[in-house]
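J.: Going line by line, the protein sequences match chains A and B.
Residues are numbered in the numbering used here as their position in the first sequence, beginning at 1, plus a constant of 59.
Residues are numbered in the numbering used here as their position in the second sequence, beginning at 1, plus a constant of 59.
Derived from the structure by calculation, the hints contain no laboratory data.
One or more of the hints may lead you astray.
Repeated chains share a single entry, so a pair holds when one copy, or any two copies, can fit it.
[Said to hold, decoys possible] Simulated pairs of lysine-lysine, DSSO-like, Cα-Cα distance not exceeding 30 angstroms:
1. Lys112 to Lys233
2. Lys150 to Lys117
3. Lys191 to Lys96
4. Lys191 to Lys117
5. Lys112 to Lys146
6. Lys112 to Lys191
7. Lys117 to Lys200
8. Lys200 to Lys112
9. Lys170 to Lys200
10. Lys233 to Lys96
11. Lys233 to Lys200
12. Lys150 to Lys191
13. Lys146 to Lys96
2 protein chains.
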Amino acid sequence: MIVTDKITDRRELILDTALRLFTDRGYFNTSVRDIQKEATVSTGSIYHHFENKEAIAKALLAQIESTMVDEIDLIMEATPSAHDRCKAVLKYLFEATENNRDAMHYMLHAKHNEFISNEGPICTSRPFSLMKTIIVEGIRKGEVRNLTPEIVAVNIFGGAIRLICLRIDGVVDKPLPMYLEEFWECTCYGITA
Amino acid sequence: MIVTDKITDRRELILDTALRLFTDRGYFNTSVRDIQKEATVSTGSIYHHFENKEAIAKALLAQIESTMVDEIDLIMEATPSAHDRCKAVLKYLFEATENNRDAMHYMLHAKHNEFISNEGPICTSRPFSLMKTIIVEGIRKGEVRNLTPEIVAVNIFGGAIRLICLRIDGVVDKPLPMYLEEFWECTCYGITA
DNA sequence: GTCTATACCTGGATAGAC
DNA sequence: GTCTATCCAGGTATAGAC
Numbered sequence: 060m061i062v063t064d065k066i067t068d069r070r071e072l073i074l075d076t077a078l079r080l081f082t083d084r085g086y087f088n089t090s091v092r093d094i095q096k097e098a099t100v101s102t103g104s105i106y107h108h109f110e111n112k113e114a115i116a117k118a119l120l121a122q123i124e125s126t127m128v129d130e131i132d133l134i135m136e137a138t139p140s141a142h143d144r145c146k147a148v149l150k151y152l153f154e155a156t157e158n159n160r161d162a163m164h165y166m167l168h169a170k171h172n173e174f175i176s177n178e179g180p181i182c183t184s185r186p187f188s189l190m191k192t193i194i195v196e197g198i199r200k201g202e203v204r205n206l207t208p209e210i211v212a213v214n215i216f217g218g219a220i221r222l223i224c225l226r227i228d229g230v231v232d233k234p235l236p237m238y239l240e241e242f243w244e245c246t247c248y249g250i251t252a
Numbered sequence: 060m061i062v063t064d065k066i067t068d069r070r071e072l073i074l075d076t077a078l079r080l081f082t083d084r085g086y087f088n089t090s091v092r093d094i095q096k097e098a099t100v101s102t103g104s105i106y107h108h109f110e111n112k113e114a115i116a117k118a119l120l121a122q123i124e125s126t127m128v129d130e131i132d133l134i135m136e137a138t139p140s141a142h143d144r145c146k147a148v149l150k151y152l153f154e155a156t157e158n159n160r161d162a163m164h165y166m167l168h169a170k171h172n173e174f175i176s177n178e179g180p181i182c183t184s185r186p187f188s189l190m191k192t193i194i195v196e197g198i199r200k201g202e203v204r205n206l207t208p209e210i211v212a213v214n215i216f217g218g219a220i221r222l223i224c225l226r227i228d229g230v231v232d233k234p235l236p237m238y239l240e241e242f243w244e245c246t247c248y249g250i251t252a
């Protein structure tokens, strides 16, 4: 997501620095001037490419959300069983946390509706509805226990998202993929000894 | 928390309205003027009771954190087994979400370190370390599976916190205590059919 | 302790040259 | 498309009367 091996145009550069600053200090603690200085671009240039500050935030969200959806779609095509799908999604999320920390931070650990108007909470976004779909199908096919899908989903992915947030906040110090097996074991078979 | 059957003094009134506005619109979308108008107090009065806007946020956090710690302490005194303790804590959290939604919102669903300086992420706060303690003791006594405590904790409480956030965001429409049994079942014995 | 008035500054956004 | 200079609103915070 936001591949920046070589920043081609100004637009990319602006998005890239904005993402860095938004995740680092938060949206409201980042002024347009900050972005301007950090990216060594002019104010005019920023406002040429984006209508306003909020539009930058919106563009970032759309970009990241889209790559997440693509990734999960790939997993769903390649994998039929609900269990394998869930585990593969977790694997992807954990790896992305290490490889694209800022993007994951922005996607999972920011309150977009506080700065993007008409934006619902993340859980209503497309990647999340895909995750719920996996669960619903899993229950229908008898692979997953027949409980309220939302509860099951929150048990699997909610816990994972919290773990990702802990990692982003620097509370967990080992790379998340190292915990994948253990986490998955715990989710599938519970915590009871 | 923040018992406001009858608002005695101005200080309480300010805190109470600030909490409402902070959770409703977010800290940065709430100006001191907003608090002043909404509480029908004067700016001078606010700055008499609090050093600055941040101090209001700090006071709120301390107050809510303190009542949560008291509540969990009570549970730990009354309940010996790790399982019962966890379930009781979940019950408390779910009920508090319904009865003190704003307080829970502020505690669990806000990024304090973006507006309170020198404040770590919530997970480093006292209520959360108590939760981890419950798990660690449970593992030691053989009641909980012998896995990394953080992973187990995030599986139980992380999922619960996400569920609380979903409820706060209006995505879950039934009161959380209704899901307690199901959630707990799912956590203890896993999601595998 | 509470009020009103106001100072001061930073933030978002625009204008217009190049 | 990019720059510099600038405008203006709204934010936090203070001063000083009552």
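J.: Which numbered hints are broken by the structure, listed smallest first?
T.: 1, 3, 5, 6, 7, 8, 9, 10, 13
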